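2 protein chains.
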Amino acid sequence: MGEKNRQVLLAERPKGMPDDSTFKFVETDVPEPKEGQVLVRALYLSVDPYMRGRMSDAKSYAEPFQVGKALMGGVVGKVVKSNDSNFAEGDYVTGMLKWADYTAINGKHLQKIDPNAAPISTALYVTGMPGLTAYFGLLDIGQPKEGETVVVSGAAGAVGMIVGQIAKLKGSRVVGIAGSDEKIAYLKEELGFDEVINYKTTENIRNDIKAACPQGVDVYFDNVGGEISDAVLSLLNFHARVALCGQIAHYNATKIEKGPRILPYLLTRSVLLKGYIVSDYEDQFRDGVKQLSQWLKEGKITYKETITEGLENAPDAFLGLFRGDNLGKQLVKVADE
Amino acid sequence: MGEKNRQVLLAERPKGMPDDSTFKFVETDVPEPKEGQVLVRALYLSVDPYMRGRMSDAKSYAEPFQVGKALMGGVVGKVVKSNDSNFAEGDYVTGMLKWADYTAINGKHLQKIDPNAAPISTALYVTGMPGLTAYFGLLDIGQPKEGETVVVSGAAGAVGMIVGQIAKLKGSRVVGIAGSDEKIAYLKEELGFDEVINYKTTENIRNDIKAACPQGVDVYFDNVGGEISDAVLSLLNFHARVALCGQIAHYNATKIEKGPRILPYLLTRSVLLKGYIVSDYEDQFRDGVKQLSQWLKEGKITYKETITEGLENAPDAFLGLFRGDNLGKQLVKVADE
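Line by line, the protein sequences are chains A and B.
Residue numbering for the first sequence is 394 to 730, as defined by the numbering used here.
Residue numbering for the second sequence is 394 to 730, as defined by the numbering used here.
If we strip away everything but chain A, and leave its shape as in the complex, we get (with noise of 0.2 Å):
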């Protein structure tokens, strides 16, 4: 092959928000797969938030990106040569790859995909990652109940716009919390969500989750944290749950930050809160997988995707999650199927 192989390193660790000089663009040749391994073209990558955290080398449950090496996600793609049996030229495949255009990987590394079953790209969502992190952490901890009131924070983002739908299924109340006009409205009509605060307009958040709660805060389910969650946590019902999925509003600050104290809300409501990252529940996988794509095929469950093109616009992609651009799963486009 005479084609070069594009690739997104990371040039080095960000203090902060990430910007241009987070990220170093790269051609080599492409790689020639050895034994046992497979070779893969992406097709499409998963711009997720956590990857923030692999950006900086501060203690955390994910390994840090090495400066200079290839940035690592989820990635759709297809097999052009393989030396492994189990995979063939021509087959959909989803696995931890490089943010480049063909990653030489061991096949123990890759999932086949059902092109027929729905459509590749949802391998990077609702059967996918952010699909079971929304399943686990709102069912296992979160444990809504029928009549209960659970509330979303970041509910238009990935995994946001699942868990209101699958409190929705349980018969929950969903109130979600989100940053434009544009999302509420997709949030209320599509997926139907009982009420939606928009923080950005909001005169006080507090005021407003409370009048959207009338019967108090049973379930929180939070990506976001900060003053937020201040207001989320203050009205929280003896007994209620909190998972606590993601922290966007600090994954790029460069001290710890001060806020309201927490802990004697927790303690006088018997609060349970869980810190978690989807591998907990690597074991359950299979389960959580057969039930996202059984609600999917029934239209219980519906999705948004907000696709950028060509992999040059893969770090826009990334810092357009900070900024609040991405209506449900940011992925990125890298080449036609």
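It is worth saying that the hints were derived from the structure and are not from the lab.
Check before you lean on any hint, since a few could be wrong.
Where chains are identical, the list cannot tell them apart; a pair therefore holds if satisfied intra-copy or between any two copies.
Said to hold, decoys possible - Okay, derived cross-link-like pairs now, EDC-like style, lysine to aspartate or glutamate, Cα gap no bigger than 16 Å in a straight line:
#1 K651 - E620
#2 K648 - D623
#3 K603 - E620
#4 K651 - D623
#5 K462 - E420
#6 K501 - D484
#7 K690 - E425
#8 K471 - D729
#9 K417 - D709
Here the structure is a predicted model, which is why all the values come from computation and not from measurement.
Chain A is fixed; fit chain B onto it per the hints.
Frame of chain A, contents of chain B only:
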């Protein structure tokens, strides 16, 4: 009976730290027990930090005390007259009774105590509410394992010193935080805590906890809140558990205090944090009392009481909790057995 009945009333709801104006003493006639009621002579009153919460009318897990009415708390006493066939004059009993010489109460709210099994005051401590609080919070939420590191704040208080001993029985390394050299000596020499840090004299609490926990913190049992908790929460290991039992640093706060934001820590370490009240475990009390009684009898758990003499000194004993006066369980002795 010509004898009078002294009672301690809530005179007014305290703003901030309670003081003499919070309490009012009255003398009434000794009540006559009605049909089904038992008249109990108080011997020991339990003096507990959570009572501060009930002096406020803020939303909490327990009903507020009423202004102008007697304070209520755990009491061990002796039956002096009974209109309930389950109780006879001379029986030792415990229950939630008035801070008074005498309470007339329906027999269903009382439990009998066997004075031959253990000193009767232990019904207010090791085999009573504080012991059960330690037992269920540590074992159900904290789940300490052999070789793990357990940190206990308020370690020389009633609950804390039981927590540390149970954690040692489970094979954990136990690090306490306490406020005087006398307390530290007791915890290390008598109870076998591995390390105890004096938060009042430390130059840097976080550095001292870090040095005492070279493997990080797996379980944090929090009685205190504030800067001590800030330090411990920043040192948690992946999948750490936090049993949130008390927040004595904040019980007298007149506004919501600020501190470092903790949700990012709890997220990136996949931490489980649970606020609780002992009554959450009501249906398992029998098992807890059985185990605690056995450990007490076998000498596997020991305890310390700080006994203030005289009902008239009950308010000061209560205020002493916030000064850290007590080593172990604070009691008030109202009358001789």
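Review point. Quick check: which numbered hints come out false for this structure?
Key: Checked against the structure, the only hint that fails is number 7, while the rest are satisfied.
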